[in-house]
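Residue numbers (our numbering), protein chains in the order written: chain B, 199 to 514; chain U, 264 to 568; chain P, 756 to 1250.
Wrong hints could be hidden among the right ones.
[What the hints assert, rightly or not] Residues from chain U that keep clear of chain P, each with C-beta distances beyond 10 Å, as calculated:
{"#": "1", "residue": "PRO273"}
{"#": "2", "residue": "GLU276"}
{"#": "3", "residue": "THR388"}
{"#": "4", "residue": "PRO401"}
{"#": "5", "residue": "LEU412"}
{"#": "6", "residue": "THR431"}
{"#": "7", "residue": "ALA446"}
{"#": "8", "residue": "GLY451"}
{"#": "9", "residue": "GLN480"}
{"#": "10", "residue": "TRP532"}
{"#": "11", "residue": "LEU564"}
{"#": "12", "residue": "ARG566"}
[Claimed, not checked] Pairwise CB distance ranges, derived in the manner of DEER restraints:
{"#": "13", "chain 1": "U", "residue 1": "ASN485", "chain 2": "B", "residue 2": "PRO275", "range": "39 to 45 Å"}
{"#": "14", "chain 1": "B", "residue 1": "PRO275", "chain 2": "U", "residue 2": "GLN528", "range": "40 to 46 Å"}
{"#": "15", "chain 1": "U", "residue 1": "TYR536", "chain 2": "B", "residue 2": "HIS501", "range": "46 to 52 Å"}
Since the hints were derived computationally from the structure, they do not count as laboratory data. Note that CB positions come from ideal geometry on N, CA and C, so glycine has one too.
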Amino acid sequence: MEALAALWDGAFGSPFAFWSATLVRATPLLLLGLAVAVAFRAGVLNIGAEGQLLLGAAAAAAVALAFGDAPRLVLVPAMVLVGALAGAAWSGIAALLRRRYGVLEVISTIMLNFVAAAMVSWLVRGPMQEPTRVYPQSSSFADAAHWPFLLNGQRLHLGFALGVLAAWGLWWWLEHSAAGFRVRAVGGGARAAASAGGVDVGRTISRVFLLSGALAGVAGASEVGGVTWALYEGLSPGYGYTAIAVALLARLDPRWILVTAVFFGSLDAGAAAMQRDAQVPSVVVQIVVALVVLTVLAARYVHARRLAQRAAPETA
Amino acid sequence: MIELGVLLLPFLEASLRTATPLGFAALGELVTERAGVINLGLEGAIIAGCFGALAGAGLGGPYAGVLAGIAAGAAVAMVFAVFVLALRADQIIAGTAMTLLALGITGTLYRLVYGAGGAALDTPTLAPWALPGLSSLPGLGPVLFTQPLPTYVLYLLVPALLWWMHRTGAGLALRAIGEHRAAAEAAGVRSQRSRAAAIIFGGAMGGLSGATLVLAQVGTFNEGMSAGRGFIAIAIVVLGRWSVLGTALAALVFGAAFALQYLFQAMDWALPYQLFLAFPYVLTLVLLALLRGRAAAPLELGRQD
Amino acid sequence: MTIASALALAGIRHRFGHTLALDDAHLTVAPGTVHALLGENGAGKSTLMRIAFGMLAPDAGTLAVQGRPVQFRSSADAIAAGLGMVHQHFALVGPMRAVENVALGSRGRLDLTATAARMREVAARTGLSVDPDAVVATLSVAAQQRLEIVKALVRGARVLILDEPGAVLTPDERADLDRWLRQFCAGGGTAVLITHKVREALAVADAISVLRRGRSVLEAPRADVDDDAVVAAMTGEALRASPAKAGGAAAIRGLVPTPSAEPVLALDAVTLRDARGVTRLRDVTLRVARGEVLGVIGVEGAGVRELLRVLAGRLAPTTGSVRRPLRVGFIPEDRLHDAIVPAFSLAENLALADAGHARGRLDWRGIRRATADVLTAHDVRNGTADRLAAELSGGNQQKFVVGRERRVGVDALVAENPTRGLDLRAAASVLAALRDAAARGADGPAVVFHSTDLDEVLAVATRVVACFNGGVREVPPPTDPEDRTAYARALVGTL
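Model the full assembly from the supplied sequences, consistent with the hints where possible.
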């Protein structure tokens, strides 16, 4: 009980807790949740958001460090752009492997996660290490590379705004644009989309894969630009996997992802407090994540059963 | 040159040792996949086996640890089986969820029981055991026959599995379920039972893999120490074209890939060590792309009910 | 003294969710007879037989084999009791060899040499021979069916249940099968024939049972019934024996469209090799004009599938040229996977047809209006623009698909077995829609129509071509419209 009280306090107990802890923790989950959801809508199982985030973070950090004296108005968008491109490039590898060689993307994206972690480990101990060569991290970014805050006195930063924009944009795109409809069609029935609609399934899948990676890359840029202001290992304590739960719980709807991202962000913020004040390990959050996924699966089964009963019988 | 030659035999011996957990996991997944089910929860079974082995060994010695590891892996698979067989969940999503769940639970339990801090834990281990007579055979004798017990179990498992799959009615039934489930049912095979058994066997093998990792290879427990081996095992099955011998061979190749790290340490090459960390994963991707094995997959693999 | 029946089901009731599939159904089969179980698609025949074979447990009712009451927990029990089943879609494992398929289901050690010996023994006894070492996927359709029978006989089946056996056979192969069945029964075996084709059943059966909407409505010796009585029992109305006959035969004689000058669909020396390098179409040259209904016949594997898809623009030829309009309507055989997305609404399914071409923003209001139009025009029951496609019955789904494709296929329309699995009424509706499309003559589309039911094809088509082994040949109309030999020969390539 004490643990739950600490959890709530840590997440919603004060304006600081909400704006600076919960929403800031929610930001990467929002962007990653969108990345995962858009891919899942097309039937692409992108489990590599973790690695794509790291690549985006590394690329944005590289730009921030190399061009630290550029004006903020130029540097910040550059970081966003480069982060997106790096993330897309990383997911693009998995997309290519799937398209050309038929490699299951679940396996390739997970493999790439490990490779990305190794890359960052090398970067922060090698070419991007801070000048004293003592700590495995990059130098701190110049002020111009600090992403603008959204509220006075709070840590909520541009990344969250980008996430909200992306959520609405993605929702509109999926519901009202032809390209978004193609994505949904491929996810709903790729054979029917190809046969009845003449949709180029391969091209649609590749494009969604790239979009997904780009969003994840922006999440990475957002973390280094808005929160850490440096590159180091362990930037993402499993955000890419939590994002799967964020997306599934929201039934892959971008508008609901806003809500579920905040929910998981609150768990994250509260968990830190829970560990500090009530000595419950924060890893508990990971269990909640997995339980959410399993519950969603069970609920889907019940829903599908009901649908099947409502439907008229096929020929016996 | 001489240096490399001296290191070759120890390298092979290390490769066999590191291949053993991969071999167990891959062969277990092979049985599951021949029944038409892809279990991405294998990674979860492995880490569960790791933790189970740690707990069991602490309570009753290394052999108790092995049994506890097997049981833990089987338990993970049992939950997966319920979701996939009874609730008709999508295999890939359910499997991924199981892995996340197992990683989270083992991490939490580890911190709760053994304290956060990650101090290297001493655990009773299974030391290499030289087989009398065989280990003094010239050439590969010492390499093959001075291994920890699990490796010998693997040597026996391969022919046993081969025999079971191709020379028994149950093995034929399993293969039929994976190719055409309706046909198997029509011939009187109880496919749900067989699939459940195959899934649990796969999980038990995953648990054994984790136990071997802790007790016969690393000697301690770290959070997330499975490090993607479950997914590599799945790739091994693909590369082995879903055959027992192919899978065993592919496991050996990846064992060598992991053992490269030790070679690197000994050879003192001027390369970043992260390269060797990443190598097994890159190798997986490259081989999967080059050897395009998907065409040989059991026809029912992954199909949702 | 009453002889025990070979197979008897009584009082069978079974529910699938909300639907009552079988309601007090019964079947009594005398030993040594061929017994036909007739019923429309959806009447419950397959469900009843799956219960008889132990694949389903009924909610209520009893089973008896050779007079003894039994309860089956799985098909293994049924097989042990002497039942054997030849499934409509063969229950054979394609990548495995014939002998492995026969051995499937046995326990303990596997002895394939012994199984092969038993197969040869059955072959000697009955004349049904299949190479034990052949990989099943390479066997012809008739050979696969033989294998199913051999499998049942090796297991000692005395009662054989055959589910729509004639559906995949040429007329000659069907005659062979009928002959064999009579032989089997003369030797003491019993056969139950499940079919919806009245003529087929009456040709070979000793006794008839009819199921309608899950209930048994007729059970009598063959000698006591005729065509019309059986059809009346099947449909509950005095409808003509098939939608074909319902005012359709006139299509060949009466409806002569004004041939348009320029063919809308044209194939020239088209050859198609599939992904594995197997030639599916050989040097095909074909023309179809507006207002024509080109009937296509052919057995599985003959190239019909590929021909239809090349005409519809869904497959590209390996060599040769295709001239077709930009958009061709296509009604594929596998509706659930190739035509609709079951989880989408009907409006979304309508939008699906344009998905590949659409750009920019979608006009949902317009799409929903168009959907409502299609639903009314094609009498789709239970349908609204927002209803999920999965909630409609198969017949209504198909009517929707036909309506959608007619919108798309203003110039050309290709239909692949569109009435498969539909009940008589829905089938009639679909055929009427196709005829209606063609009736516009030079202002309407060219229609290409394939069905495995020769009657249907003949009722609707103005011209017939047959596929055999990748080649396409025109079948000239016979002088006597009831004479089917030309078509039968074309199907096996001996025309």
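| field | Structure versus earlier hints, numbers of those that do not hold, lowest first | value | 6, 7, 8
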